[in-house]
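Engineer: The chain contents come next:
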Amino acid sequence: QKEVEQNSGPLSVPEGAIASLNCTYSDRVSQSFFWYRQYSGKSPELIMSIYSNGDKEDGRFTAQLNKASQYVSLLIRDSQPSDSATYLCAVNPLQTGANNLFFGTGTRLTVIP
Amino acid sequence: ETGVTQTPRHLVMGMTNKKSLKCEQHLGHNAMYWYKQSAKKPLELMFVYSLEERVENNSVPSRFSPECPNSSHLFLHLHTLQPEDSALYLCASSQDLAGGNLLSETQYFGPGTRLLVL
Chain A
1 QKEVEQNSGP
11 LSVPEGAIAS
21 LNCTYSDRVS
31 QSFFWYRQYS
41 GKSPELIMSI
51 YSNGDKEDGR
61 FTAQLNKASQ
71 YVSLLIRDSQ
81 PSDSATYLCA
91 VNPLQTGANN
101 LFFGTGTRLT
111 VIP
Chain B
114 ETGVTQTPRH
124 LVMGMTNKKS
134 LKCEQHLGHN
144 AMYWYKQSAK
154 KPLELMFVYS
164 LEERVENNSV
174 PSRFSPECPN
184 SSHLFLHLHT
194 LQPEDSALYL
204 CASSQDLAGG
214 NLLSETQYFG
224 PGTRLLVL
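Here the protein sequences line up with chains A and B, keeping their order. Heads up: the first sequence is residues 1 to 113, going by the numbering used here. Heads up: the second sequence is residues 114 to 231, going by the numbering used here.
For the record, the hints were derived by calculation from the structure and aren't laboratory data. Just so you know, not all the hints are guaranteed correct.
No farther apart than 20 Å at their CA atoms in a straight line, the calculated lysine-lysine pairs in the PhoX-like style are these [as the list claims (entries may be wrong)]:
| hint | chain 1 | residue 1 | chain 2 | residue 2 |
| --- | --- | --- | --- | --- |
| 1 | B | Lys149 | B | Lys135 |
| 2 | A | Lys67 | A | Lys56 |
| 3 | A | Lys42 | B | Lys135 |
| 4 | A | Lys42 | B | Lys154 |
| 5 | B | Lys149 | A | Lys42 |
| 6 | B | Lys132 | B | Lys149 |
| 7 | B | Lys153 | A | Lys42 |
| 8 | B | Lys149 | B | Lys131 |
Just chain A, with the same shape it has in the complex:
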């Protein structure tokens, strides 16, 4: 059973602060990792993807991957109220060749003005 675990939150941070979202996964052979943002009543929107160990930065967002410890995190710098959403972590084990993504339940982030 492949599992992706996220703290459901809610996580509240003040505007301008750094929000740190964490995700752990159980399948050691997982190869690629994705962070999606989902506003209430909307569909998931891709924020970041990462494949290699280490950090990957895109604007205010940084994804961090540590395959040895089986965790992936998302940092949001200078948090804005518009960042308030649920953040979904997704893991692709790349075993079946069918591009199966396994999702966590998501972390709800609230940025307080």
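Starting from the structure of chain A, add chain B where the hints point.
Structural biologist: Coordinates of chain B only, in the frame set by chain A:
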């Protein structure tokens, strides 16, 4: 959102009804997916199609029947559903199936169909 479209956006149906959900992608992708999102539960993959062929069926009940007539269109036919099938049904597409290439395997979601079964 305009890359992957879904209709209808909202659907209410009785347990004896037959309805279909439609998904269309305008991205030139070869793979398409159906997901179910229920409250407080992770997104669940239902079906995967690649070049119009089904490559994955995650033990989905037969009251859900997918159809992929071409690489741009995906349908989900619904019949004799149960109230517990009420959920957000999301369609997604990717350039290709997994191949160690983040660009080709990244999935893009449509806006979803909010389904309520009475």
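Engineer: Hints broken by the structure, by number, lowest first?
Structural biologist: none
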